[in-house]
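My request is simple: use the sequences and hints to build the entire structure.
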Amino acid sequence: MTHTSLSRRVFLKTSGGALVGTLAFTNGAVAMLAPSRSWAVTTEQFDDHQARTLLTFTRHLLPHDTLEDAVYALVVKDLDRQAADAQVRQQLTDGIATLDRKANGNWLSLDEDDRQTQVEAVAGSPFFKTVHGSAIVALYNNPLAFAHFGYGGGVDDAGYLHRGFSDIDWLPEPPIAVSGTIPNDAAPV
Amino acid sequence: MDYTNQRTFGHDDDGVVVVIGSGAGGGTLANGLAQQGIKVVLLEAGGLHSRTDFHTDEWRAYEQLSWLDPRTTSGSWRVAQDFPNLPAWICKTVGGSTTHWSACSLRIQPHEFQARTRYGDLEGATLLDWPIGYDDLAPYYDRTEKRLNVTRTNDIPGLPGNNNFKVMYTGAQKLGYECNTGRMAINSREMDGRGHCQQRGFCFQGCRSGAKWSTLNTEIPEALATGNCEMRTHAHVAEITHDASGKVTGVSYFDGNGEMRHQKARVVAVAGNSIETPRLLLNSASGQFPDGLANGSGHVGKHYMRHMTGSVYAAFEQPVHMYRGTVMAGIIPDEARHDEGRGFAGGYEMETIALGLPLAAAFLNPGAWGRDFTRMIDQYDHLAAMWLVGEDMPRDTNRITLNHDVRDQHGLPVANVHYDDHDNDIAMRNHAYQQGSDVYRAAGATDIYEVPPYPSTHNLGTCRMSEKPEDGVCNGFGQTHEVSNLFISDGSQFTTSAAENPTLTIIAMAMRQAEHIGQQMKAQAI
Ligand SMILES: Cc1cc2nc3c(=O)[nH]c(=O)nc-3n(C[C@H](O)[C@H](O)[C@H](O)COP(=O)(O)OP(=O)(O)OC[C@H]3O[C@@H](n4cnc5c(N)ncnc54)[C@H](O)[C@@H]3O)c2cc1C
Ligand code: SF4
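Chains as they are written, first to last, in our numbering: chain F, 80 to 268; chain V, 520 to 1045.
Because the hints were derived from the structure by calculation, they are not lab data.
Hints are all accurate, no fakes.
Lysine to aspartate or glutamate pairs mimicking EDC-like chemistry, simulated, CA-CA at most 16 Å apart:
| no. | chain 1 | residue 1 | chain 2 | residue 2 |
| --- | --- | --- | --- | --- |
| 1 | F | K181 | F | E191 |
| 2 | V | K693 | F | E252 |
| 3 | F | K181 | F | E199 |
| 4 | V | K558 | V | D533 |
| 5 | F | K208 | F | D173 |
| 6 | F | K208 | V | D601 |
On the chain F side, residues computed to face chain V include the following (Cβ under 7 Å):
| no. | residue |
| --- | --- |
| 7 | L141 |
| 8 | Y239 |
| 9 | P253 |
| 10 | S258 |
Heads up, the beta-carbon is just placed ideally off N, CA and C, and yes, glycines get one too.
Listed below in structure tokens is the structure:
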């Protein structure tokens, strides 16, 4: 998966572009994991404007109001990697150009509702499908998303046996006859 | 676990039994034969990934274990639209889909072996009674349950229920349904040198602890240890060869370097799972068998079944964390009965299911976007879920054919999987959605989501067994009607799908077949 770090705003800018930002939610799950409040993701195939457009487009596709831009930036990073293929790059940059053209210059400058209308208008297009296909994987397959959505992931080989696999206390406890007991050789880890 | 071959056989050794595929059927058969002193060459298209290689990262595991060679789809089933090149989610690795399976281990009910007699003649379905009955399999079910340490059999305690189970149990109680943690081929206690379940929740990704039974961690090492079985990995069988008398003589396969090899054989057994098995027979067509090997009756590839499936996900005010612990953690069996009063033939089971966040995003509503979709993901840690699995109707138009326009990496035509739901399947799914939703409503759900079928995990029926040669491909032992030394050894044999998860039955049939092949070889009948 993506190894984009939430490191400080230290990066070497060659061609390409960058997404930079500051975490919006100081107490969110993502903030707990991040080494710093500011973040930056560099891109090789897209300039700043293109990267920002892809990020905002992705927010329209998969809107999670309290999910940090820093996580959406991982989708841009994945698209950037895919765009090393010239055909993909062409498709994505054309898609962005079309959005801008329809917005008389800069799609990003439209207000949210107008942007949304345009996203709906291109739903199902190859551009839309490429962004969606990347986003549905990249947005949810990283430790920041795991923390945000409350997915514990793999933990370690000791599993959840002593880490809350049956910790619901808001429902009655089922009888042992329909369930089972914890193996007694299982040492808590 | 030791996976080294203790002995190897020459390519021109025509005394060996070649077994194709190392999953539930093939792995069990290979061990069953090797234990009798029969020489076996086990050919597996995938590579060896032992349990310490497994990942607890859903996409990495998917790439490691899944069958990703191209396939195509057609028909009106929703999978063809959502996953046009992924009709089935099954494996290509040593151990086959038993690395993937969630280990729910149920017996087929006696009446389900007589579906045609019991359900009658349903229009648009090709129902047929099995040539064997429950009593033929019962002793092998006993042995299989012992072998797999199936919980709630042989005094083996049940697995402790996780959060997902608690939610299902609460709703089931309110509706008057029975519900428990099921019969699972997962060690609830340390047994046979394999540890107990750690409730880690990566049963679909191989189970790093080895608590879950698979041919990878039992049958295959045992078969190799006898010194009678040689396993060749990355060996993709392209064709089964035969002589002028119509007996099979061996198989041609691509080895790991992409080179074509030929292995002679006295007997060939095919267990490539129900898409690859008919594909291989069809790809083995010859002057003598113009429509495919053992396909004089025309049934090879037909009657493809995948079970009626669907899922219900439900959100609760309080957290559930369904991903913690066994994937199939609870079962409601009440609707598995045959009761025409519900408006359909056959029955279905309700079983908990859990997906991690990455797979949930991909499978909960494929292709969906916008707020309706993200609302469900926002509730991820508050979701409980169940999978609905029931008997689907066999149809001769639901079938595996060769797609000559699409070729795999070896240049072989790929399988096309065509499926249309029968009205009975649709009526059953609607009923199951309703009952599943009621279970969760009774437990206090705030939102209910009916989730469409995933790519097929149960694949059945494409070389079905039949009493009469004109009705199917093989007899009650999986021996093909047309070619006496060719056997079908996987779920392709199923005459009808029954409501239950199929693997316990596949294994029991493979054990029975191993004995039968041993006897016939001794008697020089094959
Ligand atoms: C996610 C998931 C969960 C499941 N859960 C359950 C469950 O809880 N209970 C249950 O009963 N069942 C379950 N199943 C189904 C179960 O895995 C299958 O029924 C069973 O593994 C099928 O056995 P098989 O021998 O037919 O095929 P497989 O186990 O799939 O093995 C077939 C093997 O043949 C190999 N092969 C194919 N073609 C060739 C060729 N041409 N040459 C060489 N090798 C070849 C493949 O690489 C593969 O390794 C589940 C399946 C999945 C995917
Ligand atoms: S939950 Fe149990 S069976 Fe499933 S992967 Fe974990 S240890 Fe294995």
